[in-house]
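**Student:** Sequence:
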Amino acid sequence: MSFLGDSLGLVALLLYVEESTGAALAVALLLLAGDFTPGLFGAFAGAVGDRFDLRRVMVVCDVLQGGLVLAMAVALPPLPLLLALVAVRSLVAQVFQASSRSAVPALVKDEDLETRTRRSGRGRTGWRRSGRWWLRGCSW
Numbered sequence: 001m002s003f004l005g006d007s008l009g010l011v012a013l014l015l016y017v018e019e020s021t022g023a024a025l026a027v028a029l030l031l032l033a034g035d036f037t038p039g040l041f042g043a044f045a046g047a048v049g050d051r052f053d054l055r056r057v058m059v060v061c062d063v064l065q066g067g068l069v070l071a072m073a074v075a076l077p078p079l080p081l082l083l084a085l086v087a088v089r090s091l092v093a094q095v096f097q098a099s100s101r102s103a104v105p106a107l108v109k110d111e112d113l114e115t116r117t118r119r120s121g122r123g124r125t126g127w128r129r130s131g132r133w134w135l136r137g138c139s140w
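Counted from 1, the sequence shown has number 32 at position 32 by this note's numbering; the numbering is strictly sequential.
Hints in this document: simulated from the structure, not taken from any laboratory.
Note that the Cβ used here is the ideal one computed from N, Cα and C, for glycine as well.
Possibly wrong hints are sitting among the right ones.
Distance ranges between label pairs, derived from CB positions [to be verified]: (1) Asp53 x Leu15: 31 to 39 angstroms; (2) Gly67 x Gly42: 20 to 28 angstroms; (3) Leu70 x Gly22: 24 to 32 angstroms; (4) Arg101 x Asp35: 29 to 37 angstroms; (5) Ser20 x Arg56: 33 to 41 angstroms.
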């Protein structure tokens with residue numbers, strides 16, 4: 001479900017930035033802040049889960065993401081601060097994602113691991129696509 005929330009949150013941010021600035025460059029910077037940061041530091045995200053208890057890492061990441069989203073929603077910060085908050089949230093989300101994927105083998109029997117991993121990947125892709133589909137529908 002958090003992937004659906006992430007997709008809808010991105011839609012809300014895109015609409016807010018476009019409405020408040022009216023600049024396509026601001027929307028592009030928002031997308032870069034959300035995608036570039038985890039791409040740049042994603043290799044280090046898995047190391048966090050390897051060094052610390054996976055459950056604790058995932059709980060801390062969820063609490064941090066919730067706090068960051070709350071800060072964005074309540075404060076409606078200016079664009080530079082909003083971009084920084086989005087970048088930090090996406091990095092925390094990357095750490096959560098790497099940790100949650102590492103937790104799957106501990107939760108699933110060896111003979112079911114391939115099937116469960118494949119289904120999990122399909123679920124994430126489906127939620128992302130539904131958010132993009134919804135965004136296209138809003139632009140009509």
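**Student:** Holds or violated: 31 to 39 angstroms for the Cβ distance of Asp53 and Leu15?
**Tutor:** 38 angstroms, holds
**Student:** Can you let me know if the beta-carbon spacing of Ser20 and Arg56 is within 33 to 41 angstroms?
**Tutor:** At 37 angstroms between Cβs, range holds.
**Student:** Does the Cβ-Cβ separation between Arg101 and Asp35 fall within 29 to 37 angstroms?
**Tutor:** With a Cβ separation near 19 angstroms, Arg101 and Asp35 fall outside 29 to 37 angstroms, so the hint is violated.
**Student:** Kindly confirm whether 20 to 28 angstroms is satisfied by the beta carbon distance between Gly67 and Gly42.
**Tutor:** 22 angstroms, holds
**Student:** Quick check on a hinted range of 24 to 32 angstroms for Leu70 and Gly22, using CB atoms only.
**Tutor:** 26 angstroms, holds
The structure does not agree with numbered hint 4 stated previously, though it agrees with all others.
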